[in-house]
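Each chain, written out:
Protein chains: 2
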Amino acid sequence: MSSAATRPADPDHLWSVDEHLEDILSTVRPLEPIELQLLDAQGCVLVDDVVVPVSLPPFDNSSMDGYAVRVTDVAGASEEFPAVLEVVGDVAAGAAEPVRVGPGQAARIMTGAPLPPGAEAVVPVEWTDGGLGAGPANGMRARSLAPEGAEGQVSVYHPVEARAHVRAEGSDVKAGDRALEAGTILGPPQIALLAAIGRGTVRVRPRPRVVVMSTGSELVQPGEELATGRIYDSNSFALTAAARDAGAIGYRVGAVADDAETLRSTIEDQLIRADLLVTTGGVSVGAYDVVKEALAYTGDADEAGGGVEFRKLAMQPGKPQGFGTIGPDFTPLLALPGNPVSSYVSFELFARPAIRALMGLKDVHRPRTRAVLRADQVLRSPEGRRQFLRGTYTDGEVTPVGGAGSHLVAALAHADALIVVPEDVDVVEPGTEVEVVLLG
Amino acid sequence: MSSAATRPADPDHLWSVDEHLEDILSTVRPLEPIELQLLDAQGCVLVDDVVVPVSLPPFDNSSMDGYAVRVTDVAGASEEFPAVLEVVGDVAAGAAEPVRVGPGQAARIMTGAPLPPGAEAVVPVEWTDGGLGAGPANGMRARSLAPEGAEGQVSVYHPVEARAHVRAEGSDVKAGDRALEAGTILGPPQIALLAAIGRGTVRVRPRPRVVVMSTGSELVQPGEELATGRIYDSNSFALTAAARDAGAIGYRVGAVADDAETLRSTIEDQLIRADLLVTTGGVSVGAYDVVKEALAYTGDADEAGGGVEFRKLAMQPGKPQGFGTIGPDFTPLLALPGNPVSSYVSFELFARPAIRALMGLKDVHRPRTRAVLRADQVLRSPEGRRQFLRGTYTDGEVTPVGGAGSHLVAALAHADALIVVPEDVDVVEPGTEVEVVLLG
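Note that the protein sequences, when read in sequence, are chains A and B. According to UniProt numbering, the residues represented by the first sequence are 1 to 440, in order. According to UniProt numbering, the residues represented by the second sequence are 1 to 440, in order.
Hints may contain errors.
[As the list claims (entries may be wrong)] Subject to a maximum C-alpha distance of 20 Å in a straight line, what follows is the list of computed SDA-like cross-link-like pairs (lysine to any residue): (1) A:Lys174 x B:Gly223; (2) A:Lys174 x B:Gly403; (3) A:Lys362 x B:Gly440; (4) B:Lys312 x A:Lys362; (5) B:Lys362 x A:His414; (6) A:Lys312 x A:Glu383.
[Said to hold, decoys possible] Just the calculated beta-carbon pair ranges, DEER-fashion: (7) A:Arg29 x B:Pro422: 31 to 37 Å; (8) B:His158 x A:Arg380: 19 to 25 Å; (9) B:Ile272 x A:Arg380: 58 to 64 Å; (10) B:Arg29 x A:Asp18: 48 to 54 Å; (11) B:Glu429 x A:Glu181: 29 to 35 Å; (12) B:His158 x A:Gly405: 20 to 26 Å.
Note that these hints are calculated values from the structure, not bench results. Here a beta-carbon is modelled for each residue, glycine too, at the ideal position from N, C-alpha and C.
Assemble the whole structure, with the sequences as input and the hints as a guide.
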């Protein structure tokens, strides 16, 4: 695993959003496959092609509740002149050795039951008297209430063609066919098919375990009392939820105080359950930016992992960012800025694609579209930086919500899109077409 | 709770898809609210408006790492003629009692830290020498490495206006504002806002617990050996996954044999953990249709629940359906047909909306759109029945996958849409516009 952190770093280099993302996606590798129970594999990516071991259906079977017959026995049958056949027994679904249907005979048969030997077609019960001798029937009486229904005579009022109401062996899929292709995401219908062909487990890439920790001595746990000068921790909640939303197993670590040693030991403790670490805060130029202080370790040969590099991005919000790998397994770590909007936007742009790359998904990005800007005034954006503003998208139009401030959580909670203002644009007029990331 | 099952039933009445759905949605009520931890409430619907208890930010604070100053002290400052101020200490984020900034003084301040008394604005560290006396600085040295940085002198090279780089108390949301409206679905940004205003728990409608059981003596558990005449159980897997996909907590019960007493006692056992029961199979006119036999109980005054009614729907696939309520809590039960495609389509059309109604969601249906039919031949549909064919949708076009057979699981696994052919249409020509349900 390589990382830009191993390359000679120019501290003054301003990284573009795309360069940073490319560095992340070229470092993060899909997780090793694991064999999972079907229902545990929901939402995961199939690693191998799955081949059908036994044809579906595995045997010719009835598509109706009715009577299995020989075609010649019911040729010309009508309501006026029914064909009267001897009922030789029941064929229920799951029957291992169905009765044999001889000339002049019929077997009562249920949907999905194997077509018995000798029979060529199925007459639906609605085309018979149901063996009750009382004219056209709507159905059969429950066997437990009328066990004698499997004996006696049945009057058939319609002819049938050979194979009528019979589902042929292999008409769904044939043994040897490819059921599902490697790379398929397993949703309910794919799980249906895997179960139908008898697969109890399946090899997939597992959901990544993402450990989220916020840093800052000012952070108070929601629900506790807010002391002077302090604020509630929201990042660890928001990003754990966002990790789950991206398909990961999210673990939230309570806020860590601004102390480099505490942070280092917390991260070391968490490595055991992390496929990806996400921190918030402490990445800027301040004297208390402990994530940077704790992780921006270079030149120590005893240090495991590729190292974490701290960068400035040509981006607003989200200018300061850290990325690299740590620990003996070179676990990727994203150090996001601490302002709530900065951390959320950074997560969407960098952590979500990383999670989806770990899952082995081909399409790691949120959908994007173009929309007409609806606004009362021009949008201003710092030149040379790609700006991501919060907005609401409806029917090809996007309206900004709140301002550009990276502390505006309320506006974020009412947005469903990010408006992208490119690096070379500093003013966007209302009515202009803009690029939009749909947060869906 | 009322159900059509309490109305006098005409067994020959052919129900439309819409009538059946309306009966379900008029019976199913949103679950009672529950107070949940924030991260447990992800994806749930907020029951009450949430009001902001304390303004955000709760106090004026710095948006940059830099120096808190008085405006007059830095008026006219330039690189040539810097303003030299006495550094009186650090103001870290979370500081409860920041130092006072007097005339000619500055306090080193971190992003998010409260603006200290006496100070009027913040000068970013990049506009100073960082207190190092060595010309323009890029940042501060980590406090643990250079604790003396909080003392001495700082040279400021730019003037600032009053309130520059200060986030005003309440500029995000003000105490008393409505943070979120009742009915909001809690995604990551909404969870961010709730945490930011100090809410550790929130009152939502919980995820419904959906118990899924398939019925049929022919069913074998995937992974086991397939005996003659038997097939693998796929419905219980597919529908448990579909229930989870709809937002529910899905519980899969292994396939139940075709025995009415066993089925009744299994259902009674499962009621304790069910907000909704979904069965597959045993609802048609056959002699072994035990779901119908076990549940179509009428006239017994000792029987709890409103009763389950079995119907014929003007629909393909999915003609036989059961719906009603059972047990002391009138738990809704959907009895779906047993063919894999029938049960899956029925789940999408009836069980998914029921689950989303239990969650209190306003929009319970899958999105629909119109698309041009791409096909080699005309589609044929039985007149008088609404047909749902499997298809793949791309860019305004839909292509059928597989045939109309309700046993075609493989085709279902490759579809992402249902093509709707109305009751009064029996032939659809290629190139025609059709209605499409997007399975997303």
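Each hint, compared with the structure:
no. : hint                            : verdict
1   : A:Lys174 x B:Gly223             : 18 Å, holds
2   : A:Lys174 x B:Gly403             : 16 Å, holds
3   : A:Lys362 x B:Gly440             : 17 Å, holds
4   : B:Lys312 x A:Lys362             : 43 Å, violated
5   : B:Lys362 x A:His414             : 17 Å, holds
6   : A:Lys312 x A:Glu383             : 15 Å, holds
7   : A:Arg29 x B:Pro422: 31 to 37 Å  : 50 Å, violated
8   : B:His158 x A:Arg380: 19 to 25 Å : 21 Å, holds
9   : B:Ile272 x A:Arg380: 58 to 64 Å : 60 Å, holds
10  : B:Arg29 x A:Asp18: 48 to 54 Å   : 50 Å, holds
11  : B:Glu429 x A:Glu181: 29 to 35 Å : 32 Å, holds
12  : B:His158 x A:Gly405: 20 to 26 Å : 21 Å, holds
Hints 4 and 7 from the earlier list are contradicted by this structure; the remaining hints agree with it.
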